[in-house]
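Engineer: Sequence:
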Amino acid sequence: LWQQHSQSVSPIQLYSLEFTAITYKHITLPYIYTIIELIFLH
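Mapping of the sequence shown onto the numbering used here: residues 1 to 42, in sequence order.
Think of the hints as simulated: they come from the structure by calculation, not from any bench. Fair warning: there could be bad hints in the mix.
[To be verified] Estimated spans, in silico, between C-beta atoms of each pair:
#1 E37 / L17: 27 to 35 Å
#2 I39 / S16: 30 to 38 Å
#3 L41 / A21: 43 to 51 Å
#4 P11 / L41: 39 to 47 Å
#5 E18 / L38: 28 to 36 Å
#6 P11 / I32: 27 to 35 Å
#7 P11 / H42: 41 to 49 Å
Backbone N, C-alpha and C fix where the C-beta goes; we use that ideal spot for every residue, glycine too.
Go ahead and model the full structure; you've got the sequences and the hints to work with.
Structural biologist: Encoded structure:
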């Protein structure tokens, strides 16, 4: 049972990493670019 449980966790962890990468790409990077633009404009 424990082995089956750990095997079923792995795809969820991979999905979580993928989701984090997508979130980082679409939210964090534009946010950083906005800050950089504000610094250069002022």
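Engineer: Work down the list of hints and note, for each, if the structure agrees.
Structural biologist: Hints, one by one, checked against the model:
1. E37 / L17: 27 to 35 Å: 29 Å, holds
2. I39 / S16: 30 to 38 Å: For S16 against I39, whose Cβ atoms are near 33 Å apart, the range 30 to 38 Å holds.
3. L41 / A21: 43 to 51 Å: 29 Å, violated
4. P11 / L41: 39 to 47 Å: 44 Å, holds
5. E18 / L38: 28 to 36 Å: Roughly 30 Å apart at Cβ, these two residues keep to the hinted range, so it holds.
6. P11 / I32: 27 to 35 Å: 30 Å, holds
7. P11 / H42: 41 to 49 Å: Given a distance of about 46 Å, which is inside 41 to 49 Å, the answer is holds.
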